[in-house]
Every structure is written in structure tokens, then in C-alpha cells.
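Let the sequences and hints guide you as you build the complete structure.
Number of protein chains: 4
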Amino acid sequence: MTKKPPALFEKFIYILIAVNVIAMILESHESVHLQYDVVFQIFETISIIIFSGEYLYRIYLGYKNKGLQGVSKYIFSTFGLIDLISILPFYLNRFISIDGRFLRILRLFRLTRIFKLGRESASLKLFVKALSAVRSELKFTLFLSVLMILFSASAIYYLEHDTQPEKFSSITESIWWATISLATVGYGDVYPITVGGKIFASIVSLIGIGIVAIPTGIISASFVEEILKMNRKQKD
Amino acid sequence: MTKKPPALFEKFIYILIAVNVIAMILESHESVHLQYDVVFQIFETISIIIFSGEYLYRIYLGYKNKGLQGVSKYIFSTFGLIDLISILPFYLNRFISIDGRFLRILRLFRLTRIFKLGRESASLKLFVKALSAVRSELKFTLFLSVLMILFSASAIYYLEHDTQPEKFSSITESIWWATISLATVGYGDVYPITVGGKIFASIVSLIGIGIVAIPTGIISASFVEEILKMNRKQKD
Amino acid sequence: MTKKPPALFEKFIYILIAVNVIAMILESHESVHLQYDVVFQIFETISIIIFSGEYLYRIYLGYKNKGLQGVSKYIFSTFGLIDLISILPFYLNRFISIDGRFLRILRLFRLTRIFKLGRESASLKLFVKALSAVRSELKFTLFLSVLMILFSASAIYYLEHDTQPEKFSSITESIWWATISLATVGYGDVYPITVGGKIFASIVSLIGIGIVAIPTGIISASFVEEILKMNRKQKD
Amino acid sequence: MTKKPPALFEKFIYILIAVNVIAMILESHESVHLQYDVVFQIFETISIIIFSGEYLYRIYLGYKNKGLQGVSKYIFSTFGLIDLISILPFYLNRFISIDGRFLRILRLFRLTRIFKLGRESASLKLFVKALSAVRSELKFTLFLSVLMILFSASAIYYLEHDTQPEKFSSITESIWWATISLATVGYGDVYPITVGGKIFASIVSLIGIGIVAIPTGIISASFVEEILKMNRKQKD
Numbered sequence: 000m001t002k003k004p005p006a007l008f009e010k011f012i013y014i015l016i017a018v019n020v021i022a023m024i025l026e027s028h029e030s031v032h033l034q035y036d037v038v039f040q041i042f043e044t045i046s047i048i049i050f051s052g053e054y055l056y057r058i059y060l061g062y063k064n065k066g067l068q069g070v071s072k073y074i075f076s077t078f079g080l081i082d083l084i085s086i087l088p089f090y091l092n093r094f095i096s097i098d099g100r101f102l103r104i105l106r107l108f109r110l111t112r113i114f115k116l117g118r119e120s121a122s123l124k125l126f127v128k129a130l131s132a133v134r135s136e137l138k139f140t141l142f143l144s145v146l147m148i149l150f151s152a153s154a155i156y157y158l159e160h161d162t163q164p165e166k167f168s169s170i171t172e173s174i175w176w177a178t179i180s181l182a183t184v185g186y187g188d189v190y191p192i193t194v195g196g197k198i199f200a201s202i203v204s205l206i207g208i209g210i211v212a213i214p215t216g217i218i219s220a221s222f223v224e225e226i227l228k229m230n231r232k233q234k235d
Numbered sequence: 000m001t002k003k004p005p006a007l008f009e010k011f012i013y014i015l016i017a018v019n020v021i022a023m024i025l026e027s028h029e030s031v032h033l034q035y036d037v038v039f040q041i042f043e044t045i046s047i048i049i050f051s052g053e054y055l056y057r058i059y060l061g062y063k064n065k066g067l068q069g070v071s072k073y074i075f076s077t078f079g080l081i082d083l084i085s086i087l088p089f090y091l092n093r094f095i096s097i098d099g100r101f102l103r104i105l106r107l108f109r110l111t112r113i114f115k116l117g118r119e120s121a122s123l124k125l126f127v128k129a130l131s132a133v134r135s136e137l138k139f140t141l142f143l144s145v146l147m148i149l150f151s152a153s154a155i156y157y158l159e160h161d162t163q164p165e166k167f168s169s170i171t172e173s174i175w176w177a178t179i180s181l182a183t184v185g186y187g188d189v190y191p192i193t194v195g196g197k198i199f200a201s202i203v204s205l206i207g208i209g210i211v212a213i214p215t216g217i218i219s220a221s222f223v224e225e226i227l228k229m230n231r232k233q234k235d
Numbered sequence: 000m001t002k003k004p005p006a007l008f009e010k011f012i013y014i015l016i017a018v019n020v021i022a023m024i025l026e027s028h029e030s031v032h033l034q035y036d037v038v039f040q041i042f043e044t045i046s047i048i049i050f051s052g053e054y055l056y057r058i059y060l061g062y063k064n065k066g067l068q069g070v071s072k073y074i075f076s077t078f079g080l081i082d083l084i085s086i087l088p089f090y091l092n093r094f095i096s097i098d099g100r101f102l103r104i105l106r107l108f109r110l111t112r113i114f115k116l117g118r119e120s121a122s123l124k125l126f127v128k129a130l131s132a133v134r135s136e137l138k139f140t141l142f143l144s145v146l147m148i149l150f151s152a153s154a155i156y157y158l159e160h161d162t163q164p165e166k167f168s169s170i171t172e173s174i175w176w177a178t179i180s181l182a183t184v185g186y187g188d189v190y191p192i193t194v195g196g197k198i199f200a201s202i203v204s205l206i207g208i209g210i211v212a213i214p215t216g217i218i219s220a221s222f223v224e225e226i227l228k229m230n231r232k233q234k235d
Numbered sequence: 000m001t002k003k004p005p006a007l008f009e010k011f012i013y014i015l016i017a018v019n020v021i022a023m024i025l026e027s028h029e030s031v032h033l034q035y036d037v038v039f040q041i042f043e044t045i046s047i048i049i050f051s052g053e054y055l056y057r058i059y060l061g062y063k064n065k066g067l068q069g070v071s072k073y074i075f076s077t078f079g080l081i082d083l084i085s086i087l088p089f090y091l092n093r094f095i096s097i098d099g100r101f102l103r104i105l106r107l108f109r110l111t112r113i114f115k116l117g118r119e120s121a122s123l124k125l126f127v128k129a130l131s132a133v134r135s136e137l138k139f140t141l142f143l144s145v146l147m148i149l150f151s152a153s154a155i156y157y158l159e160h161d162t163q164p165e166k167f168s169s170i171t172e173s174i175w176w177a178t179i180s181l182a183t184v185g186y187g188d189v190y191p192i193t194v195g196g197k198i199f200a201s202i203v204s205l206i207g208i209g210i211v212a213i214p215t216g217i218i219s220a221s222f223v224e225e226i227l228k229m230n231r232k233q234k235d
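First to last, the protein sequences are chains A, B, C and D.
According to numbering that gives the first Met the number 0, the first sequence is numbered sequentially starting from 0.
According to numbering that gives the first Met the number 0, the second sequence is numbered sequentially starting from 0.
According to numbering that gives the first Met the number 0, the third sequence is numbered sequentially starting from 0.
According to numbering that gives the first Met the number 0, the fourth sequence is numbered sequentially starting from 0.
What the hints contain is simulated information worked out from the structure, not anything from laboratory work.
Please read these numbers as outputs of a predicted model, since none were measured by experiment.
Heads up, a few of these hints could be off.
Just so you know, same-sequence chains aren't split out, so a pair can sit in one copy or run between any two.
To be verified - Straight-line distance between alpha carbons at most 25 angstroms, and here's what the computed DSS-like set of lysine-lysine pairs gives: (1) K138 - K234; (2) K2 - K124; (3) K124 - K234; (4) K232 - K138; (5) K10 - K138; (6) K138 - K197.
Take a look at the structure:
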């Protein structure tokens, strides 16, 4: 039988993550940050120690279950990587001298802590199953979406660059327009103003949006299919 | 047999709610409000008296059906709570002295009256059935959506805060951007302008929007499944 | 056997409608309108005569098929009403003196001509079948959408009116915000700026958008179901 | 047995296309363009030579497989046309004198190179199968979408033209508003401001958006249906 951490331990870790997320949100408020900086630093250090302990404990559990194979299975699992990534920046910052810019990017990894909350849910397992059932089709439609975005970005660049050289300064810049448009967000910071650009954007809106929305449709349909399958099994 | 209010009574309550909603909309126009203030106050008082009578009547019906158990069943049902919440602010305002700000929030509860219109629909029952069939998966995907929003908000805060300190002043503020973007509304009041922020927002748009849209897809698919099941039953 | 208009006649009417639509689009350009006004008027008169002839012809066909019953069946069918509405403004304008404002609204009815193009398609029949299979659920979810919009509009009015009295001047005005937000269009002409308004709008975005999107999901799913059913039949 | 190009050759072409796309994106940056113009021109010429060779080779393969029939089958296939279109502008530009404006449109065809990446994917074949299973319904719903856009554009033109003569100058201009609104992009560059326009836009948002979203729903559902069918087959 696979050994798992005790339920109480799991609950404690969950609460700690939740408090960590709340702390991160509070800390981002300048006024709060200035007044309670030390509190946040102490809390972060304590959290890191506990999370590090959790990481070692899970490695140990993996070893107990299947020896070295179990260890490497855990380390390279999605949650194993998340567990590592979310504590790594703290240590890197302490032991290696890194410049400020890179540090800020590293801090982003701390955010992955949020996703630790999803672990051990039965729905997550069903969701992963639903995803893997349509894995190759999902890859294909995501690839199609990226192609569609690249194509739209390039075309709008040629059509709008002369009239709006600042907003469509390069294809790279136009990718921003293409993504935000095909995802139907449409902030309104960039949009075509030439007749050609408008006609192209209209056609692309009708076709491209459909293509970009397909992956979501596939995931939903596959998920519901798995739910129905499970329900049928439970009945039998 | 479960006793229900007579059909005529139900109809009368329905019409009264509809007139209440119209009155609320009309009252919000300053010119109308100034001229007919007394009329609206009298109408509100009469409405409250009738709705209070309805509430007591439904409690009485619950008692007739299953004694005290029936009473508590009604009181703690969704519509029982809505029935109470929609009349409560009136009484709280009369009998307890409360300050203006809290009163305004209380007035919001009056709005729940709108949802009383949905009672007793066969489709509502089917809809609730469809929702409860995918209950745990719905909770999971909504939880995933909230995680996605928190993660996006935190990341964009780190990426954009220095360049747009006013628009992305804290993670709390950034949650507004994340929700409006991942729900694909995109008002255009806040959007990333740095290269890092744009790249992150593009990727998040493609993945995050899909995740936020999954609950809707699941509800629709589950609803249609229940409709088909019911149609098949009616055929047999 | 039900008598239908000859195929050539149908084709001619189709082309005439298409030309009518193109003419309407061209006429809307001021420069074109000023230069070719007479041409458009003559074309409109000829079109009306032919469409009137078509209307009488279809009434006659109805009579031939099932007597007076067939006539009333045609007249009160969707396309029968569209056929009438699209020619009516012309005659009303000629024979009754109407003021300019009402006339402009009447001209809008001329647009229904566009929908005459959909007649006689096998897919339309399947689509209507798919719609009627989920009729009552569709009504319910549309009703739910309207409730959601009314509720959101009222709540945002109470939350934002004091801060933005011009943009959220009344609940009627706020309905515009609610519809455009819940339909995820988000022009960006109105949006909440208070903390309360933003929190409410965020929550409403996640829940309300899902509700407003359900009717579409139901229609799509029901349509595909009908397509699959038809394909299975064709195989047997 | 149908002869196919060797796997290594396919891989080489794939990498070349990917490098071409990257080159196109880089070239669009003014600073890069100015400094490395010659490099890009040489790379383009080499690419064209290889793609031309690929085109001839595929014609030869078609001939080997089924004689002249195989040749015409390849030439008029989707990818055959893409292969041709993506190299044509280069030759037209060399051998025929064409003016600058037409040349820029021709350059757009170069972009079709992106879609060459999709060839030979098993998912693509399944996707095409899913599309063709709902072909006629897809055509119908796309046609319905176009009707809806034309109708909305015409109606908003009559409602908003007098108040915003610049933004809704003609129905052609209003089509831009209608497409961007019904596709739920909503840049916010044009939107109704009259009461009539807002009421119409609200109603159209609720109904029209549903209609425009149906094709996507159909494609997703059909795709998932094909995936499930294939999975069942693989099990048997």
C-alpha cells in the first residue's frame, strides 16, 4: 500500500499555503509592507523551513514506497517540481549573489505555491484523465491557435504598420494585438484603423476566435465525458 | 400530499415582484424619484406587508406538511432565505438605528426579490439536478479559476508595478485586471505595457481563459445531458 | 403532395434579396446616395412590387395546398411574417401620413429581408428542431440571464452611483453596463471604479458570464445531438 | 503503397519553415531590418529555391504514385495550393513588373508558409473529418452569423448615424462595429451612445453573440465525437 502523509499534516500544509497567499497579497500593499516588513520576513523564513521539511518528508515517503524509483518519481512529478520551485528562490537568494532583475523573476516562482493547494483532489485526477484522453488533439489545436496568432500578427503588421507605425511597430508587437483579439479580450489599446486592417480583423475575428476557443471546448467535453463514465461505473 | 399555495396566490406574488422590480428601476431615475417619492414609499410598505404575509404563510404551509421539520426545511431552503433576506432590510431600518453606509448595503438585499421569480419552474429543478450531478467537478474548476486569477494577479503585479505603480498598485488591485481579462471582458482601463507583462498576459490569455471557461462548459454539457435523459424517459 | 414554388423562382428571389442587401449597404454611403438616389428609389419600387407578388403567390400556394387553413398557416409562419414586415413600411409610408421618427423605425423592418435568405435550408429545419427540443430549458436560461442582468445592474447602480453619477445615472443606464459586461464585450465606456463596485463586478463576471453563456452552450449541444441522430438514421 | 517523402526530408523542411517564420518576425523590427537586410534577402532566396525544389519533388511524387491524376490531386489539394502560393510572390516580383501596393498584398501570401507546419498530423486528419461531418451545418451557422452581422450593422447604422455620423458613417463602417461586438472583442473604438442604439445593442449582444458562437460549439462537439469514436475503435 502506498504510504501517504497523515491527513492532519496535509491540512496544516494547506492552511499554511493559504496564509502564505494572503500574506503575499497583503505585502503587496505599500502601506502594509512598510509597517510590517519584519513580520513578513520572519513568516516567509518560517514558511520556507516548513515547506523544505515537507519536501524532504515527501522524498522520504517516496523512498519508503518504492526506493530510489519512488524518490525520482516524486521529484519529477508536477507537484514535486512545484514543491521545489516554490522554495528554491529563497535559497538561491541567500547563497548565490544574484542581481535584482533576475531576483524579481525568481520571486515569481514563489507564486507556484498557490498551485500546491490543488493536490490530492479526486476531481484533479479526473481532470488530468480527461486532459490526457484528448492530449494529442489538444496539442494540435493549441498549435493551430499559435499558428493563427502568428499569421494574424504578421498580416496585420503588413496592413497597419504604415498607418500606425507606433502601435504595430513589428510583428512581435502585433502578436500582442493578435492574442488579445483572438482571445476576445479586446482591451482597446491597439486596433486596426485602415480599411484593409478592419476587413482582415473582421474575418479573422469570425474564424480565428473559433479556432482559439476549440481547445477549451475539447477540454470541457472530455471532462464531462469522464464524469459521465465515472457516474456510470458507480451505478454498476 | 405536499400542500402548496393556490395557483392564484402564486400568480399574484409573481406580478407583485415584477411590479416591484419595475418600481425599483423607475425609482433610480432622479427625476422620477423626486416627484413620486411618497408613492414609492407607500408601495414599498404595502409590498413588504404582503411579502411578510407570504413568508408567514409559507412557514405555516411547511408546518402543515411536516410539522416543525417542514418549517425549518422551508426557512433554510434557498428560496426561504431569499424570502427572508428581501424583507429584512425594511424591518432592520425601522427598529434598529443603523448608519447610512450599512443601510445602503442592506438595500442591496432587497434586490434578491428578483430571484423569487424563478421559483416553481420545472426547468429550474432540472437545472439544479444538472448542477448537482457535476457538483464536485464544478467546485474544483471554480477553485482552479480562482487560483488562476490569484496567480495571474500576483505575477502581473511583479511585472507591471514598477512601470504602472498607480494601475497595479497592489495584488488586490491586480485581481481586478486578472478577473476582467480572464473573463474576456477587457474594459481597457488596465492592461500591461511592459514587454514582460505583455508576454505573460498573452500566455495567460490563451491558457487562463480556457480554464475560467471550463465551469460554463461543464454546466451546459451536464444540463443538456439531463434534458436528453428526461426526453428519453418521457418516450418510454 | 405539398406544392412549392418552382426552383427557378426561388433562385430569382434569392438573388433579388442579395442585390437588395448590397443596394442597402451602398445606399448608406452618403456619396453614393447623393449621386444615385433615383436609381435606388426605382430599384426599391421594383423590388417591392416583386416581393409583393411573391407574398400573394405564396398565399395562393397555401390556398392550393390546404385551402384557407394553408393560407393562415403561411401568413402566421415566421417567414410569412417576415415576408409581410419587409414590404409593409413601403405601403404604410405611401398611404398613411407618418412622421419622420416613426418612419425611421419602420425602415428597420426592411432589414428583415436579410433573413428571407435562410428559407428552405435543410440545416435550418434541423436547427429549428434542435431549438425546439430544448425550448423550455432555453426559455429558462434566457430568463435567468435577464434576471442576472437586472440584478447586476441594480447592484452596480447602488455601488457606483455616488462616485460616477453620470455613467451610472439610473438602473436603466446600468443595464447597459451589465449587458455589455456579462456578454463579455466590455467596450470600456463604463466600468466600476469604487472598491465595492470592482469586487462586485469581479464576482459577477465569474458567475454571471457563465450563466449568460449557458443558452449558447445548450443550443450548440442540442444541435450537434440532432446532427448525430440524423447521421445515425441515414446509416440505417 | 503511396510513396511519401523521406522522414528526414520532412523534418528538414519543417525546421526551414520554422526558421523562415522567425526570420519574418525578426525582419519586421526596423533596427534588425536595417542592419541585416542582405542576410534576410539571401536567406529568402535560398528558402525559395528549397521550397521550389520541394514543390517540384512533391509533383514528381504525385506522378510516381498515380501518374497525371496524382499530380493534379497534389496541385489542387489544400497543401499543394499553399505550397504554390507561398513561393509565387517571389517569382512574380522578379519576372513581372508590379507596383508597390500590389506587391505588399502579395507578400501576405508568403505568410501561408506558416500553415505548411500543420501537414501530416494525425490530429489534422481527425479534425478535417470532424469538420466534414458537420459541413453543411457549419456552413448554415456561419451564414446565419453573417446575416446577423449584416442585420446588426444595418440597424445600428439607422439608429446611430445621426448622433455619431463619423463613427457610423455607413453600413460598411457599421459592419466593423457589428463584427467586433458579436465576436465579443469590444475594442471600445465604436459603441452606441443613443438610447435606441444601446437597447438594440443589448438585445443583439444576448442573441447575436449566441449565434456567432454556435459554429465554434459545433466544431468542438464534433471533434470530441470523432476522438471518442477513434478511441472506441482502438479498444476493439
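Hints the structure fails to honour:
Those not satisfied: there are none.
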